[in-house]
Structures are given as structure tokens and as C-alpha cells.
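Top to bottom, those sequences are chains A and B. If you read the first sequence in the UniProt record's numbering, its first letter stands for residue 1, the second for the next number, and so on. If you read the second sequence in the UniProt record's numbering, its first letter stands for residue 1, the second for the next number, and so on.
Just so you know, these hints were derived from the structure itself, not from any lab. Please note that a few of the clues may not be correct.
Identical copies look the same in the list; a pair holds intra-copy or inter-copy alike.
Said to hold, decoys possible - Below, computed lysine-lysine pairings styled on DSS-like, alpha-carbon distance capped at 25 Å:
#  : residue 1 : residue 2
1  : 3         : 93
2  : 67        : 3
3  : 47        : 85
4  : 80        : 67
5  : 78        : 67
6  : 27        : 78
7  : 85        : 67
8  : 73        : 85
9  : 93        : 67
10 : 27        : 47
11 : 85        : 27
None of the values given here were measured: they were computed from a predicted structure.
There are 2 protein chains.
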Amino acid sequence: MEKPYYAVIFTSERTEGDHGYEEMADKMVELASKQPGFLGMESVRDKTGQGITVSYWDSLEAIQRWKEHEAHKTAQQKGKQVWYKHFSVRVCKVEREYFFEM
Amino acid sequence: MEKPYYAVIFTSERTEGDHGYEEMADKMVELASKQPGFLGMESVRDKTGQGITVSYWDSLEAIQRWKEHEAHKTAQQKGKQVWYKHFSVRVCKVEREYFFEM
Numbered sequence: 001m002e003k004p005y006y007a008v009i010f011t012s013e014r015t016e017g018d019h020g021y022e023e024m025a026d027k028m029v030e031l032a033s034k035q036p037g038f039l040g041m042e043s044v045r046d047k048t049g050q051g052i053t054v055s056y057w058d059s060l061e062a063i064q065r066w067k068e069h070e071a072h073k074t075a076q077q078k079g080k081q082v083w084y085k086h087f088s089v090r091v092c093k094v095e096r097e098y099f100f101e102m
Numbered sequence: 001m002e003k004p005y006y007a008v009i010f011t012s013e014r015t016e017g018d019h020g021y022e023e024m025a026d027k028m029v030e031l032a033s034k035q036p037g038f039l040g041m042e043s044v045r046d047k048t049g050q051g052i053t054v055s056y057w058d059s060l061e062a063i064q065r066w067k068e069h070e071a072h073k074t075a076q077q078k079g080k081q082v083w084y085k086h087f088s089v090r091v092c093k094v095e096r097e098y099f100f101e102m
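Start from the sequences and build out the full structure, keeping to the hints where you can.
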């Protein structure tokens, strides 16, 4: 990815049960990946319900637009009401990076 | 956490088998948490071996010192040789944050 670029770190803990989460999560990944300025995404959740998702964007404006996207706002609302016990969102500027492949 | 602060995003995929990984990982978490400038850590790995660890630091210098810590360097070497198929390290400045508790 060409610098400067930005990372959104989303850490969360899920509530018990699905409640339509998986379907909405898949939709949001698909929708996010079509947004202007989207560069990529990595997401992991373990069996205890702890999750970290990092998405990458080419500007703060692109992140702001995605935050305010109508369908994403609906999902955020549902997240607070039903899906998450707690979450944090951190918007970060990537300063340095290093990759290793075996 | 007081701003400015920094996040190190470590994404990785593990090789098969333990090979002393869990013991070393626990040691590294303990050691990292004692370093000057360490603010916290969040870590998730799923059953497929995909993992994301985010550590938080009060300065780029603290991150650099931890990178060059002798015991950590030994672990990094072992990581490349044995534990990881691939990994990425991204050093980021946190620009904005938002927290939600149910």
C-alpha cells in the first residue's frame, strides 16, 4: 500500500448468539470493499468472542465517508443494541511497516 | 490513553504445531508489559491460525527499544524460522478513538 495510508483498528467482544450478525458482517465486508479509498481488511475472532478487525484506507476522508454510509450506520446501531458487549475504534496513520513471508 | 500514542499492529499466520510457541508468547507478553512506554495489548487468534495482536505505546522510541530488546530479538528470530508462515508489522499513530460499553 502506498503511504500515507490509514488503519482502523476495531476491537470487540460479541454477545452470545448470532442474532443476524454473520449475515450483516458479510454484507458490511462486501460493502466496505467497494468504497472509494478502501485498501484492504484483516479480521480475526476467537471462540471466546473476542475479535480484532483492521481495515486499511487511503485517507481520513474515506474513513469518515464509510463511517457515515447509510447501511453502515444501520449496522453500527444494531452493533450497539445487540451484537457487542463492548468495542473500540481507533483511527491510525501508518508510519512504518514490515512484512515477512516464509 | 493520553495522546499522542502509538499502536503496533502485528498480523500473522501460524505454522502447524506448537514448537514452544505458547510458552514464548506468554513470556513476551509479560516482558513487553514491563517495558517503559508500554500502554496495553489486545490479541486474538482463531482456530485456523490467523492472529492479530495490537500493542499500544507512548512513543516511537519505546516501540524501537522493544523491537531491539535482546530477548525479543531471539523470539523474532524463532518466529521467522519456526512459528509463522507470514506476518506483517505496522507501526501507527493513533489519530482518533471511540469506545462503546453496553
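Results of checking the hints against the structure:
no., hint, in the structure
1, 3 with 93, "both (9 Å within a copy, 13 Å between copies)"
2, 67 with 3, "both (21 Å within a copy, 22 Å between copies)"
3, 47 with 85, "both (15 Å within a copy, 22 Å between copies)"
4, 80 with 67, "within (14 Å within a copy, 37 Å between copies)"
5, 78 with 67, "within (14 Å within a copy, 40 Å between copies)"
6, 27 with 78, "within (14 Å within a copy, 39 Å between copies)"
7, 85 with 67, "within (20 Å within a copy, 33 Å between copies)"
8, 73 with 85, "within (18 Å within a copy, 36 Å between copies)"
9, 93 with 67, "both (17 Å within a copy, 19 Å between copies)"
10, 27 with 47, "both (22 Å within a copy, 23 Å between copies)"
11, 85 with 27, "within (21 Å within a copy, 29 Å between copies)"
Of the numbered hints listed earlier, not one is contradicted by the structure.
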